[in-house]
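So the sequences go chain by chain: A and B. Position 20, counted from 1, in the first sequence is what this note's numbering calls 20; the numbers after and before it change by one each time, with no gaps. Numbers in this note's numbering are just positions in the second sequence, counted from 1, shifted up by 1000.
Rather than coming from a laboratory, the hints here were simulated on the basis of the structure. These figures come from a predicted structure and were not determined experimentally. Be aware that one or more of the hints could be misleading.
Unchecked claim - Partial selection, computed: residues in chain A whose CB lies under 7 Å from chain B:
| id | residue |
| --- | --- |
| 1 | D24 |
| 2 | G33 |
| 3 | E34 |
| 4 | P75 |
| 5 | R81 |
| 6 | D92 |
| 7 | C107 |
| 8 | Y108 |
What the hints assert, rightly or not - Here are the simulated lysine to aspartate or glutamate pairs, EDC-like style, with alpha carbons at most 20 Å apart:
| id | chain 1 | residue 1 | chain 2 | residue 2 |
| --- | --- | --- | --- | --- |
| 9 | B | K1107 | A | E76 |
| 10 | B | K1107 | A | E29 |
| 11 | A | K216 | A | E77 |
| 12 | A | K297 | A | E274 |
| 13 | A | K216 | A | D94 |
| 14 | A | K297 | A | D264 |
| 15 | A | K137 | B | D1155 |
| 16 | B | K1107 | A | E164 |
| 17 | A | K186 | A | E124 |
| 18 | A | K186 | A | D213 |
| 19 | A | K137 | B | D1100 |
| 20 | A | K216 | A | D302 |
| 21 | A | K297 | A | E204 |
| 22 | A | K238 | A | E274 |
| 23 | A | K183 | A | D207 |
| 24 | A | K227 | A | D302 |
| 25 | B | K1107 | A | D302 |
| 26 | B | K1107 | A | E204 |
| 27 | A | K227 | A | D187 |
| 28 | A | K137 | A | E114 |
| 29 | B | K1015 | A | D207 |
| 30 | A | K186 | A | E34 |
| 31 | A | K183 | A | E77 |
| 32 | A | K227 | A | D264 |
| 33 | A | K297 | A | D228 |
| 34 | B | K1015 | A | D94 |
| 35 | B | K1015 | B | D1100 |
Glycine is no exception: its CB is placed at the ideal position from the N, C-alpha and C atoms.
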Amino acid sequence: MEQRGRIVAENLVKVYNGQVRAVDGVSFEVNAGEVFGFLGPNGAGKTTTVSMLSAGLRPTSGRAVIDGLEVSQNPEEVKRRIGVIFQESTADGDLTGLENLEVAAGCYGISASEARSRARTLIEQMQLGDAADRYAKTYSGGMRRRLELAVGLVHRPRVIFLDEPTLGLDPQGRAGFWGFIQKLRKDIGMTVFVTTHYLDEADEMCDRIAIIDHGKIVATGSPNDLKDGLGGDVVTLKTHAGASEITTILQALPGVHAIQHSNDSYRAKVQSGETFVPLAVEAATRAGVGITGVTVKRPSLDEVFLEFTGREFREEEGPNATDRAVMMQRVRGQLQGRR
Amino acid sequence: MLREFVALTRREYLKLARNPQAIFTSLLLPLLYLLLFGNGFTINAASFVNPEYGPFFTLQEALDFLFRGAPNYYSYFAGGMVGFVAVTASLFLGANVIFDKLFGIFKRTRGTPAPSAAVFGSRLIAGATQPILLSFFVLALALLFGHIPGLHGLDVTATVTPFGLVEVLLAIVLLSGLFATLFLTFGILLDVPQTYFAAVNLINLPVLLTSDALYPWGTMPTWLQNVSQYNPVSLAVNVLREVMFGSSAYPYSPGIYLLGLLGWTVGLVSIAIVLVRRALRPLE
């Protein structure tokens, strides 16, 4: 198989300080030229996985292969072949946009004249031409992300890793950034590995996605395949508190694939929501159970996440997830502290 | 390797040039020391001279004992200030690395294949420039003060040869390089500003206070003189003072002190190379 631009992760494990199992046996393959989304809530292990793939962190076990090279054996060469856009801004605020690019190019051993030429071209491509000679600290959030992207591309990598690239951007900034990514993919055919917790972005932009939760991959596939795998629409029925259980009754209705019951609500995966709802309301009423609310959802990646993890994705963005993310940042920080 | 080094060194100089406040502040400290400390703290060697009973029978004897041949305390102190400045101006090198880590800039560099030697070397070369230039600024200022009525100033009493100037240059470069290496290594090994400044203070003050940079040699207790003669700051300052005031009060020539200083620098750089290579290895 063509190895150029390909990413392979085989049973990657990362344990911090012998205690925190941040990544727990992650395996997947990304084909050359694909846009691969790596989804999961904060603290799920996305950044740690990217660090292991991009030669920043040694796996506790398992192996990663990028562009045909085993990462742990050839970290320097892998760094030459990949670009990484980090979650946080890494642009040097005291340098102009052009200078940031020239310094980055120099770090890849590119000559000064070639660095200048590439910097000028890239900054124009990223529509930062007017701000090329301004200090990066004067850039807006969207401009900084575009500058980061340009920095990650200055050495013409075969694979680019984007770690939460649109975090903190407004919808317009996010759309603009993805426009650049799509153009790059079309023009250069580079492999794009992106971590995000914006499910709508992943749904729209990625060829395939993997969902990671608590360090483990729980689903892999194209967004459409994963959504289709849910078997149609998802209908949620709410009943009065303490009402009799009607799982069996609902299960017997035509077009029903599965019913999940929790507290006073039923989550039904059905062929068609429009057909199911009147039948379900009628069947429940016959059984003496009043329906107090109905929602019908077309399948989305939120539903896919719920299906594979048993939890709403947005719940995972709550305080517990924040705590876990902060803890992960701390252990990563402690590790860096020993460097 | 060379291109990576040049690109990163250029970055350091650009950042230095774009921070005029830091340059101004770094000039202010030696200026204040030269004006206030140097002019306020004077010892009159003549008061120790008694041609009949001693302890010194001639002024030269007193000067040799107290200030190792310098014509007055201010001249002696001006040489010491060069060592003082080389140490204190190097402190910020490591702090800059820590702040680059906090702002993510260091992470970007680490994400590239730039070798650790280029990452460290660029910061060392660009960073050591500041203490080297400041050292010459101190010497020039002290000489200038000697021509301003009412102020003490540096009075060079020996004939300074081109070879002597080279020795002074070498002493300043080696001392600046030594402390720049030390503090830069701290910056690369540590991540938290508070820890860095605590570690730096733990080194900075004992090094300066066990040297003869500021104390008149003759007033130091013997044990401190014994410690001081191995201190790298003293070794560099001895070179400067011998070149400027003559060798009559020194047991060794400037070349010997330079060799001692070179030994310190080579030793510390060797340790730094091991630690920095380990800290900046590609995979953690």
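Tested hints:
1. D24: 19 Å, violated
2. G33: 23 Å, violated
3. E34: Result: violated, 22 Å to nearest chain B Cβ.
4. P75: Hint holds; A/P75 Cβ to chain B Cβ min 4 Å, cut 7 Å.
5. R81: 10 Å, violated
6. D92: With a closest approach of 5 Å, the A/D92 hint holds.
7. C107: Since the shortest Cβ distance to chain B is 4 Å, the answer is holds.
8. Y108: At about 6 Å, which falls below the 7 Å cut-off, the nearest Cβ of chain B leaves the hint on A/Y108 intact, so it holds.
9. B/K1107 <-> A/E76: 15 Å, holds
10. B/K1107 <-> A/E29: 26 Å, violated
11. A/K216 <-> A/E77: 28 Å, violated
12. A/K297 <-> A/E274: With Cα atoms ~10 Å apart, A/K297 and A/E274 stay inside 20 Å; holds.
13. A/K216 <-> A/D94: 40 Å, violated
14. A/K297 <-> A/D264: 18 Å, holds
15. A/K137 <-> B/D1155: Not OK: A/K137 and B/D1155 at ~47 Å, beyond 20 Å, violated.
16. B/K1107 <-> A/E164: Holds, at about 16 Å.
17. A/K186 <-> A/E124: 18 Å, holds
18. A/K186 <-> A/D213: Measuring from Cα to Cα gives roughly 31 Å; hence the hint is violated.
19. A/K137 <-> B/D1100: Distance of about 14 Å is within 20 Å: holds.
20. A/K216 <-> A/D302: 18 Å, holds
21. A/K297 <-> A/E204: 17 Å, holds
22. A/K238 <-> A/E274: The hint holds at about 17 Å.
23. A/K183 <-> A/D207: 15 Å, holds
24. A/K227 <-> A/D302: The given pair, whose Cα atoms are some 9 Å apart, holds under the 20 Å limit.
25. B/K1107 <-> A/D302: Given that 20 Å is the threshold and the Cα spacing comes to 33 Å, the pair is violated.
26. B/K1107 <-> A/E204: Roughly 30 Å separates the two Cα atoms, so the pair is violated.
27. A/K227 <-> A/D187: 29 Å, violated
28. A/K137 <-> A/E114: 25 Å, violated
29. B/K1015 <-> A/D207: Measuring from Cα to Cα gives roughly 42 Å; hence the hint is violated.
30. A/K186 <-> A/E34: Holds, at about 11 Å.
31. A/K183 <-> A/E77: 26 Å, violated
32. A/K227 <-> A/D264: 25 Å, violated
33. A/K297 <-> A/D228: At roughly 13 Å apart (the allowed maximum being 20 Å), A/D228 and A/K297 satisfy the hint.
34. B/K1015 <-> A/D94: Cα-Cα ~6 Å, so holds.
35. B/K1015 <-> B/D1100: Holds. B/K1015 to B/D1100 sits at ~12 Å (cutoff 20 Å).
Figure legend: structure checked against the earlier numbered hints; hints not met, in rising order: 1, 2, 3, 5, 10, 11, 13, 15, 18, 25, 26, 27, 28, 29, 31, 32.
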